[in-house]
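*Asks:* So you can see what is in the structure, the chains are spelled out below.
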Amino acid sequence: QNGTSRRLTDEEFDRYSRQMIVPEMGKEAQLRLINSKVLFIGAGGLGCPAAQYVAGAGVGTIGIIDSDVVEPSNLHRQVGHATSRIGMKKVDSLITHLRDLNPLPTYVPYTFPLSPENAADIISQYDLILDCTDNPATRYLISDVCVLLCKPLVSAASIQKSGQLIVLNCPPTPQGKLDKKYPPCYRCCFRKPPPANTQLSCGEAGIMGPVVGLMGVAQAGEAVKILASGLHLPSSTPETPEDDPHNLIQPTLLIYSYDLNAAPGPFTFRALKMAPRKKNCFACGENSPQTLTLEGIRSGNPNYVQFCGIQTAKTTL
Amino acid sequence: QNGTSRRLTDEEFDRYSRQMIVPEMGKEAQLRLINSKVLFIGAGGLGCPAAQYVAGAGVGTIGIIDSDVVEPSNLHRQVGHATSRIGMKKVDSLITHLRDLNPLPTYVPYTFPLSPENAADIISQYDLILDCTDNPATRYLISDVCVLLCKPLVSAASIQKSGQLIVLNCPPTPQGKLDKKYPPCYRCCFRKPPPANTQLSCGEAGIMGPVVGLMGVAQAGEAVKILASGLHLPSSTPETPEDDPHNLIQPTLLIYSYDLNAAPGPFTFRALKMAPRKKNCFACGENSPQTLTLEGIRSGNPNYVQFCGIQTAKTTL
Amino acid sequence: MAPEPDTMPISVDFLGGLETLFSNNPHHTISLPLLNPSDSSPANVGFLISHLVKNHLKHPRTEFFVHSDGHLTPGILVLINDADWELEGEEECKLQAGDKVVFVSTMHGG
Amino acid sequence: MAPEPDTMPISVDFLGGLETLFSNNPHHTISLPLLNPSDSSPANVGFLISHLVKNHLKHPRTEFFVHSDGHLTPGILVLINDADWELEGEEECKLQAGDKVVFVSTMHGG
Ligand SMILES: [Zn+2]
Ligand SMILES: [Zn+2]
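If you're matching them up, the sequences are chains A, B, C and D in order.
Taking the working numbering, the leading residue of the first sequence gets 1, the next gets one more, and so forth.
Taking the working numbering, the leading residue of the second sequence gets 1001, the next gets one more, and so forth.
Taking the working numbering, the leading residue of the third sequence gets 2001, the next gets one more, and so forth.
Taking the working numbering, the leading residue of the fourth sequence gets 3001, the next gets one more, and so forth.
Keep in mind that the hints were calculated from the coordinates and are not lab data.
Bear in mind that the values here come from a model prediction, so they are computed numbers and not experimental data.
Think of the CB as a built atom: it goes at the ideal place given N, C-alpha and C, for glycine as much as any other residue.
Be aware that one or more of the hints could be misleading.
[Claimed, not checked] A few chain B residues facing chain D, derived, Cβ under 8 Å: (1) G1042; (2) T1252; (3) L1272; (4) A1275.
[To be verified] For each label pair, taking beta carbons as the anchor points, the in silico distance ranges come out as: (5) C:E2092 / D:S3031: 24 to 32 Å; (6) D:P3033 / C:H2071: 54 to 62 Å; (7) C:P2005 / D:G3098: 46 to 54 Å.
Here chain A stands alone, though its shape is the one from the complex:
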């Protein structure tokens, strides 16, 4: 990493001292954060809290992509927006908030939707991707491009009273590599999307603010630790899952279950151990270089909208 040996400025030291003194953090980890680039796909219920803590921690470049505008029904949970910014593009509204929280990072706005045509160009410019989106078609697109570009992915989702979180493709591993056990991609874990008639958006099914908020903050937590500790760097000696102390090759799917009628209990948080990369995975498995390419994605193959069985990706939350 270039730049992990420079001195911190007084302003950086003032802002980041409380996290730098945490054991295993320190100046080098802080400089790794400052030298990193993180992309948030979605500036809604997940993206707002996730971006607050990633910006606060001092990640140097923060890209945010979302085409929506702020609406009053967003504000119970999208805490990076404000009543005074209703009608503004969410990306611009969130960056307004983040810039006042921490002016030091470079903020890069993308006020149009992520698409098969533009995904690779945008994702290629970042070290780590946070999936904060709201529809299956975009989730499969993001994961596929992350596999092809060797980017780790922190994926979260939430609806009504439940949330999920998983760290994918970390450490990033070239497509088709299967000589040992490697970390899974989104398709390894979720081979097929649910049928269109069982896909509910937060607009239709509702969402509790603290549930999606907790998943967003947890996403930020994973992003900060991955970048600070260099877990996103290709490992020269990947462990076998039996002795993988990092839970990366067989990551846990974290499930948060919020029960309106009870205090936290044994089912509030579940950590389910996932399988490693699958041989037959369409995106990262043995024959995947024949089935999935950046060229193909750009020209409409696979067809994500058809795969997910809906006419247009839902983007309103």
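Given the coordinates of chain A, assemble chains B, C and D with the ligands onto it according to the supplied hints.
*Replies:* Here is chains B, C and D with the ligands on its own, set in the frame of chain A:
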């Protein structure tokens, strides 16, 4: 509850519709939130995210007490403040942020420290208390007053890479009542504070933003569910712990362990089942009406600072 | 409670919203017949799913759990004793007393 | 690994920051002698604590776990098989093979 049968205004409906359509929420639960009063003790790393989601959810009256001013070293984790408000009282800074997120609640600022002299007067005006403070002396004071005034308490704490959360005294139960099993207070769970030389503040020991942020959002989640579902109301038929489906009489202590070198694993979230109210508890047990009174607290008995073995409560984070 | 004869206890968890289809309860310990009565074959996960639909699914919107053909709705993750069911033979995986099965609905909102 | 003779396996978890005193590992399965060699009494939680200090505590700041008199530092919560140790006799509580002991450091920061 008065007022749970009125109509919602158009603006309320616009703002809260996405949470009102969640199963088991609905108009009545929303009106319970609107008619409720919540007190945040501390406007720092826990109070900021907790207040964002409680304000977003539409709780009608939000009191915040803290005597600190905003400093640059707060901003990596205290996401309700801003660079443009450095030097402002934290309470005023946070309310500025919350009012733009949701102008409908009534915000009540207290820009002085909570003390044995003023605690009962302030706490008595609220339905639910969130302990977002940073030192043991204040934590014992808050719990003792909550027991005496029959207020449920959502208590969280965090340092370095760990966080804890527990719902106490819920449903609220009069001091000294022990004919059945009842929920514990803070002293039931944590009988003695650690010695002064092992008490670390976030300023000295450091704190990761996403860790304290996650605990704050989780606190908001408990507050919203308690008020929306009426779990804070005295129960006419308290269950025995064996069949308590609410996890309130024997609440779980939730522990979050953030590991910089690993993705979430089986130890990331632990839910430890606590004992119910203890017979020998100084604050809520059998003989507690003789040992703990509001009069006593106001006149310096117990002496919280001496009990916790430090000259002055640490209030800088 | 004592187990019924010719049945075995199976621990079944529903997460990610699926619990709302099953009496709002995330955890069930069910008594599963040792043999599938339709063909007297040993109970497998496919039989468990049909047993759950018949005896425990208390919600009109069954399509969130099973297709009209009785197969599990795509997008639901199944873990059998902590292992991905794809590695265990999916619906063909045989069950034993005390096995733990977790059904998780994939979420997409944000 | 095979258990050593005259010892029993005890599951010990450290949470709330205590793991940093114990090789940064929140979970240990230790081999605890069946008898306390100092007085040949059956192993109890007090003996477990001294055994942990002697064999597993790898950190100079021992005062975060035990006082100079060998007793556990106040502010540490102990759960024995999921029950508050105050209800189990604290340091006097006898241990059996397979028991699960959790030590949690209380936090106060915010
Ligand atoms: Zn894959
Ligand atoms: Zn008590």
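*Asks:* Next, verify each hint and record whether it holds.
*Replies:* So, going through the hints one by one against the coordinates:
| no. | hint | result |
| --- | --- | --- |
| 1 | G1042 | 5 Å, holds |
| 2 | T1252 | 10 Å, violated |
| 3 | L1272 | 6 Å, holds |
| 4 | A1275 | 4 Å, holds |
| 5 | C:E2092 / D:S3031: 24 to 32 Å | 42 Å, violated |
| 6 | D:P3033 / C:H2071: 54 to 62 Å | 55 Å, holds |
| 7 | C:P2005 / D:G3098: 46 to 54 Å | 31 Å, violated |
Hint violations for this structure: numbers 2, 5, 7, all remaining hints satisfied.
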